[in-house]
Every structure is written in C-alpha cells, then in structure tokens.
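Trainee: Each chain, letter by letter, is given below.
Protein chains: 2
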Amino acid sequence: MGVVSRPVPRVDAYEKVTGRAKFAADLYFPGMLYGKVLRSPHAHARIVKIDVSRAREVPGVHCVLTAADLPAARSWFTYLFLAEDEVRYTGDAVAMVAAEDPDAAEEALKAIEVVYEPLPGVFTIEEALEPGALQVQDYAPGNIVRNSHWPVRRGNVEEGFARSDVIIEREYRTPFIEHAYIEPEATVAVPDPVDGSVTVYGSVQNPYMTRRYVAAALGTALGKVRIIQQTLGGSFGGKEEVMGLMCGRAAVMAVKTGRPVKMVNTREESFVESAKRHPFRLRYKIGATREGRIMAFEAELVDEGGAYNSQAQFMNWRACVHSAGCYEIPNVKVDVYAVHTNNVYGGAMRGYSSPQVIFGQESLMDELAEALGMDPVELRRKNALRFGSVTITGQKLDDQPVNVLAVMERVLEEADYFNRREEYTRQREKGGPRRRGIGMAVSYRGCGLGAETADATGGLVSVQEDGSVIIRSGLTDNGQGLSTSHAQIVAEELGIPLSKVVYQRVDTSTMPDGGMTVASRGTYTGGRAMLLAARKVKEIIFRGAAELLSCRPEELASSDGLIFCSSDPSKKVSFEEAVRHCLFRGETLTQLGWVVPPELPWDRPTGQGKAFPTYMYSCVVAEVEVDTETGQVEVLRVTAGHDVGRAINPALAAGQIYGGIVMGMGMALMEEVELHKGVILNPNFDSYTIPTSLDMPEMKPLLLESEDPVGPFHAKSLGEPAMECVAAAIVNAVAHATGRRVRSLPANLEKVLLGKTLARS
Amino acid sequence: MGVVSRPVPRVDAYEKVTGRAKFAADLYFPGMLYGKVLRSPHAHARIVKIDVSRAREVPGVHCVLTAADLPAARSWFTYLFLAEDEVRYTGDAVAMVAAEDPDAAEEALKAIEVVYEPLPGVFTIEEALEPGALQVQDYAPGNIVRNSHWPVRRGNVEEGFARSDVIIEREYRTPFIEHAYIEPEATVAVPDPVDGSVTVYGSVQNPYMTRRYVAAALGTALGKVRIIQQTLGGSFGGKEEVMGLMCGRAAVMAVKTGRPVKMVNTREESFVESAKRHPFRLRYKIGATREGRIMAFEAELVDEGGAYNSQAQFMNWRACVHSAGCYEIPNVKVDVYAVHTNNVYGGAMRGYSSPQVIFGQESLMDELAEALGMDPVELRRKNALRFGSVTITGQKLDDQPVNVLAVMERVLEEADYFNRREEYTRQREKGGPRRRGIGMAVSYRGCGLGAETADATGGLVSVQEDGSVIIRSGLTDNGQGLSTSHAQIVAEELGIPLSKVVYQRVDTSTMPDGGMTVASRGTYTGGRAMLLAARKVKEIIFRGAAELLSCRPEELASSDGLIFCSSDPSKKVSFEEAVRHCLFRGETLTQLGWVVPPELPWDRPTGQGKAFPTYMYSCVVAEVEVDTETGQVEVLRVTAGHDVGRAINPALAAGQIYGGIVMGMGMALMEEVELHKGVILNPNFDSYTIPTSLDMPEMKPLLLESEDPVGPFHAKSLGEPAMECVAAAIVNAVAHATGRRVRSLPANLEKVLLGKTLARS
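One line per chain: the protein sequences are A and B, in this order.
For the first sequence, this note's numbering puts the final residue at 761, and the numbers step up evenly by one.
For the second sequence, this note's numbering puts the final residue at 761, and the numbers step up evenly by one.
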C-alpha cells in the first residue's frame, strides 16, 4: 500500500493547529443580524401569555417571533422550533429575536414578558412508569416512547434458567451525559432575497437531516435549502436535533428580515437545550451451569427519552442487538424500551446505547464469574462468539472472521493481565488505603447502520485536467478525520500522491443525501462509496492509458502518479497525461460511487434477523488505583485493542482510541448531568467535570487487522467501539481493587467510598 | 407534451424583472478591496520602465503589482495577465492595484509611472500580409495566426470553372464588432486564508475555461480554484478571455492581500480590452452554367486575429465548413486563415464566423443571380442541399431531414416574398427618393461543436425526498434561458410540474468540466445530458413505483406528478411517494448524464470529413426602405424561419430570433469598432451605435420542427443561427431597393448614399 495504512497527517491538520480553520461562529456576512432564543425556566408549564411588544421596541431589534409568527411548521418530528401553549422541558424555546448586535438581542429577550402556569412533571423512569402517571406527550400512552420497544425472543428462557446452576439478578444505572464537544453550536443563515431560499452554514453533524428541519420551518422545498457544513469542533452525535432547531430558527428569522442571521449558543445554552446520552436502567437475570456455560439471559433495559422524540425508536434496536454482549447464548428474552419525562431529551451519542449496555452487561459478566467462583476471563472464553456461532438475533457468523477471542487474548497479553491481576489481588489482601485493580471488558459491534435503516451513501470523485482530484461525500468530517481517510482511499486506488486530492466540505446541493454521519459508518460505508467512485474513474483512465501505451488495461498498475505496464514498467505514462487523453476524447472523469445497502430482513416481534453484514471486535483492559479513604480513582493504564479490519490511517485510528478511552473514563468516573425537577444543576464545565490532561492514563492502542469482506480495503468501524468497553473495564477494575461493585455510573467519590448505588432522586 | 414545447415563463423571469438578480457587481464581502488595471495607451511599444513606488503610498492601497510580482504564469495561452517588456495592443495591462475603495485604486493608477518607447505597428490585414511586415508575435511568422489555416479541397475547381458559363469574382469586408452586452465584466475573488485556494464569482461565460486562467495565474491545482457563475447580463461569446484575465488578476491580488478583491470594468475598459468579432476579408470566385448550376467555388477568407491568440485556430474551421453556404457544389477550393495585427484581438461572437461568411456568401449568390439574369431564389432552389446531398466537406446528408428548401419556401410564403419583390421592383422603376426593397438569405449550420473538438457535457439530476429536483449543468445560463429549457426537459421526462425543478448555477467544484457554453450547444448537447440523467433517475423511480403498484415498469407513464399504469390509470402513485420508496430502500436518485461525443474523423489537408452529426436550417427575408437622399435604411419587416428540430420553449426560441434579428441589423447597418493606429475611437455607446427600440422592425419568427435523430426531444440549435442570415438579407434588400451593392459592412449612411465600398484605412 502506498497511501492507505500509513499514518499521514490529517489533511486539515495545518488549518486546525494554526487556528485558521473557519468554524461557523467565525463567519461574518454583511448586514448580518444576531439571533437569540428565550427558553423556558420551567420543566413543565402552560404558557398563559407572551407579550413581545416591549421587546420589539428595543433599538437594533429587527424581529421578535413567537410560535404564532412561524411561517410553517412549529415542530419537526416532535422537536419544537417554538413552543406554543405548553413547555415540556427547560430547553423549550418560547420566543426568538434577531438584532443588530448580540447585546440588543439579549436586551430584547429580557423585555419579553411570558406568563407561565407551572405544572407538575415526571422526572425519573420510575415516575414515568407509575400507573396513572402524568402523560408527558399526547401520543405516548403510559409515557412509552413511540416505537421504542424492541424485543428479542430466542429459545426458552424458563427452560434455560431451569438448566442453570447459578442464577443472578442485577440492576445497573447510567445517567444523562453531555457530549462536551469543544465548540458550542453555531450557525449563520443567509437568505436569498430573490426566491426565498436559504443557505445555512453551521456546525452541523448531519446536513441532510438539518435540511429537513429548515425546509419544514420555512415550508419550502428541500431543493431550495442549502446546508454547508463548517469545520466542526466535535459532535459525537450531539449536533443533530439542536442544530436542526437552531438552523430552522435562524432561517426563519433570515427570511423574515431579509438579512443573514447568526446564532451561537453559549455553553449554558448548549447544555440546557441539546440532547444527551440516554440514562439507562438495566435489569438482568442470567443463569449458567457451574462450568460457566451461560444458559439463559433475560433483560429489561429501560432508557429515559426525556421530553421529546429522543431517537429511542432507532437506538433501542441497537441496544437489543448488542444487549447480551459478544456471547453465544441459547435462551434469550430481552425487552428494551424508553420512557418520556420532563427532562432534557436523549439523543445520539458515541455508541448509540452500547456504552451503557456494555457497561451493564460486562459488569454482569464479572458478577456472574464471581458468583461462579470463576475467573472473569475464563467465563468469557467459554461463551464468546466464534466462527460459526449464532448471535442472539439468530445470525450465523460463518461469512467473516469472528475475532472476539483473538482480540481479547492479544489485549490481555499486551496488558500483562494475568500477572497483574494476581499481583493486585495479593496486594489487596495485604490491605492499606491505596489499592490497585485490573479489569477488562470485551464487545462486538455491528458496523454501519445494519438492519436499522438502509446503509446507503455516495462518494464523488472528480478528476480535473491537471490531475488534481476533487472528492465529495454526503457524509461529514466531524473531526474524526473522514476528509483524510477518504482522500487516502482515493489516492491509494488511483495510485497518486495524497497531495493531489482536494476534499470539499459537505454541501447538500452538490451531493445526494448520504444519510447521517453516524454509526461509525464514515469509513466503512462512506469509504466504500469513495472507493467505488475511484474504481470507476480508474477504469476509464486505465483504458486511456492502455491506448497510449499500446497494451491491455488489465496489464496496468499505478503508483506515485505513474501508470505503468506491470510486465514492463518502462512502458509508463503519467497520471496527468492519461487524464488529459481521456478528457480530450470527451470522456468524463467525474463518477459517483453509490453503496447499495444489503438486504437485512428483521422480524420485529422476535428480534430475529441478520442485524449487520459485518462486526468488529474490541477488548479493553484498565488498571486503576483507588484511594479508599477518599474514593478517588486514578486510571493508571488502559490497553485497548480493536479488530478494525484495516486501519486506513493508523494515526487517526489511534486518535480515535485515545479519545474513546478518555470519554469512557469520563463516563466511568465523573460525568453526570445533575437534574432537579428537570432543571440542569451543572450546565457548564465548572460543575460538570470531564477528564483533563491531568487525568490521562498511560494508553496503549492496538490495531488488529482482518480480512473483512465488505469494507474498503477491509476497513471496518472504530469511532464508537473505541469507547464502548472503557467504562465497564474501569468499573470492573475498581471492583477488583476495592471488592465493592459500583452499579450506578459515574463511580464518583461518594459511590466508590460508600459503595452505595445511588439512583438519581 | 406537458412541459416541453410550451412557452412557459423563464425560471429567472421574476428575479430579473424585479431587479433582484445578483450580478457579480452586486456582490459584497467583508473586507473587500477594489481592483483596477492600468492599460497601455500605445498599440505597440516597448516598456522601458515602470515605477510603482508612488502608487504604493497612496492611502488605502493594499497592493500594486507588475508582471515581475506575478506569482506564477504571466500569460495563459498567449493572453497576458500583465505585460512585461512589450505591449501589443491598447488593451494590454501593465500594472494592477487593489485598494480600499475604487477612488483610491484610480488614484494609485494615476501615480504609476510607465515609460514606453512607441514602436511601429501593423493595423490591417493587408499590412499584416505584406512581405517583410513587422512580426506581431514571435511564434507567428508572416503574421499568420498559428494553426488558423483551414483548407477545403474538393473536386477540381479549374475544371469546374472551365465548365462554367458565368464566372464572377467579388470581395466583401466585415469590421470589428463589439458584443455590446448590457453588463460590463465583473468579478469578486475570495481567498481562503488557509490553503491559498480561491473562490471566484464572476460574469463568466465559461467557468471551466476561466478556472484554467486562474489556476495558471496562481500556479495552483484546478481543484483548488472554484468558479461560481453569477447571473450574466449577456455574453454572446464575449465573456471568455477578458473574464479569464480579469478573474486571474483578481485572484492574484486576493491571495496577495488575503482579502476579497472585486473588479468591475467601466464600459470603456470593456471596449478597450475585450475580444471582438473578427473582421473578415472575403474573396470569392464562383462559376455556374447558364441554367444556374454552380460548378466551382473558390474562396480566400482572411480574418484579422489582432494582437493575441484570437480563437481563429478553432473558429476558422467552422468558417471553412460553412464557407460555400447550404449548396451542393462539386468543385471547391477554400482557404481560411487569420493574421495578427496590433489591434484588439478577435474572439468568439455569436455565430463564430458564420454571420461574416454568410454575409459574403449570400451576397455573392445574389450577385451571381444578377450576373445570370436569374431570380436569386431560383438560383438557390437549383443548388440547395437536399436529402442525400453531399456537402463541400464530403458529408452525405442521408441520415437526417435536410430542410433548406422547406424552410426557405415557408419563409418566402409567410413573407409574401414574390409579390413584394415584384411590387418594390415596380416602385423602384418609378423613381423617387424613398425606395423599398426585399432580400433574402438562407443558411445551414452544424449543431454543437462537431469535429472541432469533443462535444461532451454532463447534466446532473438529483431528486430530493420531497420530490423537488435539483439540476446542475457544466454549461451556463448566459441569458439564453438554459436554466428554463433544461428544467423543462427534466420536468417533461419525469412527468412533474416545472415548479418542482430547482436550477442551480454553475459551480466548477460541483460538476465535471462541461466544456464551453458555445456553439449553440446549450440545448442540443447540454439538454441531451440532462435528458440522459433524467432517464436514469426515472428508470429507478419507475422500478420503485412498479413495486408499489404491482405492475411492470414498462407499463408505467407519468405526468403532472403522478405515475400511473398506462393500461389502468386508476393504479397510480404520486411521484413523491415513489421517490420516498426508492430512497428508503437506499437507492440514489442522483444521476449524472454524460453525452459521449460521436466519432467525427476530419482530414485537415483536404477539409474532408463528417463535420457535424446534425444541421439546422434557416432562412431570413428582410424588407427595407432606403432614403436615397440621406442613405438612411429603415428595416420594415423581417421574417425569420428556422428548422430547430423542436422548440423546447417556443417563447424563448422566439426571443432568440428577435435578438438575432436586432443583432444582425446592427451588424448590417451600424456597428463597427473604429480604430486609428490601434486606438479604439468609439469605446462607448454614444459613438458606437447599436439598434434601439426605435429601430425595431416588424418581426415574424417561424419555428419549423423536424425529427432530428440526435437532440433532446429532437431539439437542435438556434442561438447563433438566429442572427447569421440577417445582415446578408438586409444588404440584399438594400441592393434590391437601390440597385447598388454594399460590399463592406456596415451599410451605413455614407456607403448606402455613395455606393462606395470603403475598407478601413
């Protein structure tokens, strides 16, 4: 390989380290106004009256709008642009203004008079499920989020438990977690005074989804809305709904005033309105023979969707598929569903349920091992999926490498797991306030969207006459490095230097809807589309080169910008010359590659079907030192191995792993959005703590490769798997160190010190 | 037909009539500077010294650049961004500045000191061809424009003349003509501070060609330059080289200063620098039997290329193909070539030589008829191309309708030609100062680029999930209405209302190079690419609809946004529903149509080959009244008929004909760029006269349709043919009215009054 598999610097490295990258908040347009939103102070209230007359008189104010002024839909897919008569969480907006400067906009917000009648609310999973509970949304009887229930029915769990020697039941909890991207949300909507169309620049993760919001808010055709993604300062699934709403509001005000409207959230605004990682209540019953063979698995996994839609109808499918971990279990009964509350709503966040579900399931495995008196690794070895295994959804894994054990053994070895386990166990028995522990977790994860929805996307490769190559995708570079990995794939396939490839940011008007940049599908699906496009182009260029060299196209190969005859490398022509030859003859070297999704039938009542074409495999070992007098946990060392198929760029892949480890540490030990009656108590980083550079452990990323039959150059997924085992491994290590298990995240000082599992009050 | 063949209003009508369309000069960017260029006062001089030091000190000036400061190439394809040591015409730029406002830029220009050493120059075709003449360009010995010589050799002219009963020899002349578009040239170049790339907005006719200039000026990859066409206020072939140079200069200053740079030409600047219609000296010898059968045709057609490249190496090919008009002639010898002078250079202008060549050739036909004592129509009837005829380039016309005579007879009838001819002849014999005349001309014209170069282009159709359809082309809407006709083609093919189609302006980064928007190929070639793309999309949608309706795709038809079963129209589904069904399954409804050019072999030494796949046919009848005491010619009535294959939009087609008639009138009677030693004497519309609303004749456009096998829905070309017969018909009418022939255009007062044929001194 000439370009792929090499740790080349990111194509956007220079602009980022020099501070020259343009984020949405850096954009200025002549005549630009500044938009601001007034949000509800109540988690649940009736809006009695809104009086904006004083606000409209604030100097510099160009528009003050309430729901009544919206030109078209007041909501998109339940999410409200502006609330009309009722607010259901403290992020609900009730009015918005655009003014000459941010100060005037703030002043106008203060001049808006809203009379609320506060109403009682529902604030926990338990309250939501209580018979006769107040119903948060009309369309959700019993507060169950519509379509959020996904079952798995396999074998017969009653029989399975009957044949088990050991049965344990456990409950685990995870909290609301903030994405904590470095860049708060920002957008500028620029109206076209001629036809009412709008171009929206923004820190959007999913431009096509955002376009739907904007078109709905304006009541206009999708073709008349253009979303251009700006450099993104992180998203992790977060810049979805909140950006759709923000862009929709900015667009409405832009069209209303005929001027560009910029909106930039403060960190507090971002915290209050944006979707969060869903809290989960994870209840399990698991049974095994005394030899450690798991016979039955039963789970009720309930997540909190919050006030609005929350994506649980999609996300919970993934939770059900991965609910039992990477194990072969004959009898399974799983029910996943979500409930509405008057808290902030849940949304996509790196892993899309897997970090929560794997935390529960891999904690459970350690607890089961303990109950069996068995080494936790040994228990996993006995039950892990192997080539030819059948998953809990009935999928036989006989068409791809199945590397649960290969990855696990490699990571255990690299981490010197067994020696350290023994050593720390010995130390623990000696007592003393500082105790060390080592723990592990293992997972498998379906690549791409699987049977959730059609995993289709496009890649465009356009070779210019000077041999430079424009590439465009419908998927976004959210900071994960898609622009670099896609450029590498195209450069590799065409045999040209990476510097020849020019990545152009996503613009919805120039590429077909490529779906969402989610589910770690950027390389696996998006890279495949790029490779298909590059192959189409290459075929034409090789045909042209073959004419110039008087040979057959099949004899040709290319590298470093030269196309040559494999059998006689002295017969060669430059890439540029072959390109010019083709273009002169009127051929086009612009080709769209399109990934057609495979057929993946799914039986919803039983949760049986082929969930994903391909799976990737991960194992994380964590070592911690716990101060038993304070409850402080220091993560010493994390070894993380992933079967990624192939790392298109090993440096970027390692970066994903580093980031995943740190994000997992935050989830394990610190992060929790604290709420009181729906009000977020810690809406900034002074009170919402995330790991800092001082918390960094020693990190060992291991990239394991295998011959995946689907991904481009065998590449699979990594973005989300990089974090999904981390919290479980750390909590397992804490349990090893202290002998006490924390079953509710985060494992903060109080819980580690007191050993209590505190549910949110 | 539901949408095609209907005179729907232009899609850009509203924005244009309300003044909301954004032309390049309407664009503003924060921090924008204003660029200006200093041009030579001499047609030929050596640059002894340029001192810009005082200019750099003018307040508000950000850069003052000479050739020495250019970062890369100083020229593109001979055209100079800035002259270094020698100027060769008065449009040559020697320095450029960018400043905070236009006044500061002007002041800086005045502060630049240039010392020239004036040199003698070459200013006419005759001077250029004189043995030992000063050589204008090093690479053009004998002042012959490189590669501009195109011969035709067919049969044996000596034998042909020997078998002729009547032989005449004539010389005609045409002058430099200005495009006279309503909008002078304008651009804004916006630099990307990060990677040195530039986005250029401008009144460009050919964005991909302009991109070549900009990339060359910057020394950067094509993929790093993005050209976005703004609404164009006319071009007619004019906004090519001059825009390339302007955009290149603006881009260099933008990168140099790190700020957007706007350049807008005044009308005088536009006149002085921009390319002009080539003057031609047309020398003929033609022989016929006394029955009027043309036996031999010999022509030497020399055009003036001016100081730089002038496109003559391409244009003269078209001149040679069409040199003998739409007649079958067994013996032909033609030589076309161009010469350099120190005048402004020639470039593309509506017709690309045909208005000049047809003026000469159709004047010649009338003169031959006179010499034969034969009616001019009768002479044409005897010699016109018919089905199965062989053209002078040896192409047998047996694969398409050949409608010279059909068009001619229809136009003559509509114009009541014979009655009026007789009536005016009678009136003329009665004497008196005001005399009427009627004249005609007929032509055929190859559609598209033919064997000149590969006639390839692309069209993109992208169906959105709400059923709106984005279309993009690599060809531009220059005011001719391409955005409307392409939208109609797509709406027709998909069976949806026109309002669903959203045309997006050309952006070089979003579409493959579609070649130039020239040669009346917008509909004929560009429309075909759109149709191909729409067909690809339709095939997928029909497959989806067939599933929904449980029928076979072949049974389906669509109109008005509904897809229905032809045999049972009650089985129907909306276009939108079928679209959503396809997208949900992961299909893409974004398709590129690409027109692959046909093989058209050409033997250059003999000028024999298949010149074009398809021809269109035109006939114009003009009636004039001449005041023989002043020389004033009033055009009373013009009847213009064209076999267009099919008019996609009859209103737009009629618009082309109206415009073509008026432009032809200007050429016939008024327009001439007057030069003295290379200096343009009439560089604005106070002295360069063009027809105004007061000059309008009664105009009758006739659209004749035929079954062309190539064009989309049979559509052929019209933009250029609409003007190519007009000058000849008017001058023939003047000759009929006065009995005196004007052989040098324009037929202005002096020439009509004095009957002299004045060559430019």
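Bear in mind the hints are in silico, worked out from the structure with no lab data behind them.
Treat the hints loosely; a few may be bogus.
What the hints assert, rightly or not - When the alpha-carbon atoms are kept at most 20 Å apart in a straight line, the in silico EDC-like pairs for lysine to aspartate or glutamate are as follows:
id : chain 1 : residue 1 : chain 2 : residue 2
1  : A       : LYS610    : A       : ASP399
2  : B       : LYS16     : A       : ASP399
3  : A       : LYS224    : B       : GLU465
4  : A       : LYS224    : B       : GLU130
5  : A       : LYS224    : B       : ASP466
6  : B       : LYS285    : B       : GLU268
7  : A       : LYS22     : B       : ASP195
8  : A       : LYS16     : A       : GLU130
9  : A       : LYS22     : B       : GLU57
10 : B       : LYS224    : A       : ASP399
11 : B       : LYS256    : B       : GLU57
12 : A       : LYS677    : A       : GLU130
13 : B       : LYS256    : A       : GLU15
14 : B       : LYS677    : B       : GLU130
15 : A       : LYS16     : B       : ASP195
16 : A       : LYS110    : A       : GLU269
17 : A       : LYS224    : B       : GLU15
18 : A       : LYS224    : B       : GLU576
19 : B       : LYS224    : A       : ASP192
20 : B       : LYS224    : A       : GLU183
21 : A       : LYS256    : A       : GLU130
22 : B       : LYS224    : A       : ASP466
23 : B       : LYS382    : B       : GLU291
24 : A       : LYS224    : B       : ASP507
25 : A       : LYS285    : A       : GLU370
26 : B       : LYS224    : A       : ASP12
27 : B       : LYS22     : A       : GLU130
28 : B       : LYS572    : B       : GLU539
29 : A       : LYS572    : A       : ASP603
30 : B       : LYS224    : A       : GLU15
31 : B       : LYS677    : B       : GLU705
32 : A       : LYS256    : B       : ASP416
33 : A       : LYS16     : B       : ASP466
Trainee: Now, for every hint given, state plainly whether the structure supports it.
Mentor: Against the structure, the hints come out as follows:
no.	hint	in the structure
1	A:LYS610 x A:ASP399	holds, 12 Å
2	B:LYS16 x A:ASP399	violated, 61 Å
3	A:LYS224 x B:GLU465	holds, 13 Å
4	A:LYS224 x B:GLU130	violated, 61 Å
5	A:LYS224 x B:ASP466	holds, 11 Å
6	B:LYS285 x B:GLU268	violated, 40 Å
7	A:LYS22 x B:ASP195	holds, 12 Å
8	A:LYS16 x A:GLU130	violated, 50 Å
9	A:LYS22 x B:GLU57	violated, 33 Å
10	B:LYS224 x A:ASP399	violated, 43 Å
11	B:LYS256 x B:GLU57	holds, 17 Å
12	A:LYS677 x A:GLU130	holds, 17 Å
13	B:LYS256 x A:GLU15	holds, 18 Å
14	B:LYS677 x B:GLU130	holds, 17 Å
15	A:LYS16 x B:ASP195	holds, 12 Å
16	A:LYS110 x A:GLU269	holds, 15 Å
17	A:LYS224 x B:GLU15	holds, 15 Å
18	A:LYS224 x B:GLU576	holds, 16 Å
19	B:LYS224 x A:ASP192	violated, 26 Å
20	B:LYS224 x A:GLU183	violated, 27 Å
21	A:LYS256 x A:GLU130	violated, 45 Å
22	B:LYS224 x A:ASP466	holds, 11 Å
23	B:LYS382 x B:GLU291	holds, 9 Å
24	A:LYS224 x B:ASP507	holds, 16 Å
25	A:LYS285 x A:GLU370	holds, 15 Å
26	B:LYS224 x A:ASP12	holds, 14 Å
27	B:LYS22 x A:GLU130	violated, 60 Å
28	B:LYS572 x B:GLU539	holds, 16 Å
29	A:LYS572 x A:ASP603	violated, 55 Å
30	B:LYS224 x A:GLU15	holds, 15 Å
31	B:LYS677 x B:GLU705	violated, 48 Å
32	A:LYS256 x B:ASP416	violated, 57 Å
33	A:LYS16 x B:ASP466	violated, 37 Å
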